[in-house]
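Residues in the sequence shown are numbered from 1 upward in steps of one, following this note's numbering.
By construction, these hints were calculated from the structure, which means they are not laboratory data.
These numbers were taken from a predicted model, which means no experiment stands behind them.
Just so it is clear, CB atoms sit at the ideal spot from N, CA and C, and this is done for glycine as well.
Misleading hints may appear alongside valid ones.
Once the Cα atoms are required to be at most 20 Å apart in a straight line, the calculated PhoX-like pairs of lysine-lysine come out as [what the hints assert, rightly or not]: (1) K337 - K366; (2) K337 - K279; (3) K279 - K348; (4) K363 - K292; (5) K212 - K152; (6) K262 - K363; (7) K163 - K152; (8) K209 - K152; (9) K8 - K212; (10) K193 - K212; (11) K8 - K112; (12) K279 - K262; (13) K112 - K152; (14) K83 - K212; (15) K8 - K209.
Cβ pair distances, simulated, as ranges [said to hold, decoys possible]: (16) V255 - L124: 23 to 33 Å; (17) G388 - H234: 12 to 22 Å; (18) A331 - P378: 21 to 31 Å.
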Amino acid sequence: EVEVLPRKVLVIYNPAEAPDLHYQDVVRFLGAPLAYLGLVPEYIPYNSTLPQYDLTGRYAGIISWINSDDIATNSAYPQWLTKQIQQQIPVAIFSRFGVAHDSGLLQTLGLKYQELEPTQSLQLMAQDTMMGFEFPVTARTHDIYPVSLNNKNSTPLVSLTTKSQAMQWHPAALTSWGGYALAPYVVEMLPAKDAGERWVINPLSFLTKALKLDEQRPIPDVTTENGRRLLMVHIDGDGFMSIAERPDRPFNGQVMLEDFFKRYQTPTTMSVIEGEVGKTGLYPELSPQLEKIARDIYALPWVELASHSYSHPFYWSKAEAAADNADDYEAYHLPIKNYLYSSEREIKGSIDYINQTLAPQNKQVKVFLWTGNCVSTPNALAQTVEAGVLNMNGGDTTITRSNNSWTR
């Protein structure tokens, strides 16, 4: 007997919390864990038209990440979520419930709102093993949403109490309908500047339990093929013309050619920024030397050709908005003389330049690597489709031993 396991999850978020979906907490923090678990997110704002059809068998569950207490109270979301729970669709809630505590949703979820007195201090009574994942659990009164379990079929993941132990609060729990993990017991901001965030709860364990996932289910892994890990290398063109810190002062591009491309015959996608390498860019006097290096790299059979744009837009949406104003636009691109932003020039133009000037006869550009914040606009994305190339980049997923976190 063959059973079809749904892999899609509906992810509910508040669009007012970030200017673009890429900056939403649920994307930044849960994107990698969901992929690791073999789940495919479908993002939908809480205040949009929510699906009215039966989700059973189509979705593995629902995930909500809203950072406000009552933003969704007067929307269709609370009633819709109640209906999904009644139809036994597993639900995992992060950060906040998004509705007023007296809206009726908490009662549906088997929870009781117990207001904290300003003078009350809490103690950590108990915590589950999935807590304290990357950051320790401590008793907190600031920013806590004071709810307690009102259902014996639920399992607290964090239990807080007063000194007298007369009352308990449960900011994270597994329940019959799924589970919830509320701030500040989800992700913690590290105090040091630019140190990033750390998970308080183990998102993998929590999602597996809350969404009632079969731990023995097959999981597609895009990093592996036939049991072997895949190595994928792509290089942005930034700094191709910079001078390496060596006595003979070679260009960085030359160092890459000699020390990397020729030494390691690894399939690699290599891009250049036309505005740094080409004759119409920032360094026309250096262009003949830089173009020769680029041609030598692209001639290697294990190198795939890619473009990293013409002027390296830092913020694609802002560049488009300021395209008709040179004074505004200069903040969003390399300062190429007499140039105003054009998505066609950035994408098709730079691809044509590489194909016609740098590419060997048997190769053409196959990939466009986004620049700057790497958040493309619909118009720019359409340009890559029209140009017939793949597009990728972004995420800042720099995982190192010194920054070892699932939040990256």
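Hints, one by one, checked against the model:
1. Proximity of K337 to K366 is assessed by CA-CA distance (about 28 Å); at most 20 Å being required, the pair is judged violated.
2. Restraint check: the Cα-Cα separation between K337 and K279 comes to about 12 Å, which is no more than 20 Å; the hinted pair holds.
3. The straight-line distance between the Cα atoms of K279 and K348 is roughly 17 Å, inside the 20 Å bound, and the hint therefore holds.
4. For the given pair, K363 sits about 16 Å from K292 by alpha-carbon distance, which is consistent with the 20 Å threshold.
5. As the CA atoms of K212 and K152 are separated by approximately 18 Å, the hinted pair is consistent with the 20 Å bound.
6. Of the pairs offered as hints, the one joining K262 and K363 holds, with about 18 Å between alpha carbons and a cut-off of 20 Å not exceeded.
7. A distance of roughly 23 Å separates the Cα atoms of K163 and K152; the hinted pair therefore is violated under the 20 Å criterion.
8. A hinted pair counts as satisfied when its Cα atoms are at most 20 Å apart, and K209 with K152 qualifies at roughly 17 Å.
9. Of the pairs offered as hints, the one joining K8 and K212 holds, with about 14 Å between alpha carbons and a cut-off of 20 Å not exceeded.
10. For the hint pairing K193 with K212, the CA-to-CA distance comes to about 38 Å; that exceeds 20 Å, so the pair is violated.
11. This hinted pair does not check out: K8 and K112 have alpha carbons roughly 31 Å apart, beyond 20 Å.
12. Restraint check for K279 and K262: the C-alpha separation of about 26 Å exceeds 20 Å, so the hint is violated.
13. Under the criterion of a C-alpha separation no larger than 20 Å, the hint pairing K112 with K152 is consistent with the structure, at around 13 Å.
14. Simply put, K83 and K212 have alpha-carbon atoms about 18 Å apart, close enough for the 20 Å limit, and the pair holds.
15. For the given pair, K8 sits about 16 Å from K209 by alpha-carbon distance, which is consistent with the 20 Å threshold.
16. Against the hinted window of 23 to 33 Å, the Cβ-Cβ separation of V255 and L124 comes to about 53 Å, which falls outside the hint.
17. A C-beta distance of roughly 18 Å is found between G388 and H234, which places it inside the suggested range of 12 to 22 Å.
18. About 22 Å separates the C-beta atoms of A331 and P378, a value consistent with the hinted range of 21 to 31 Å.
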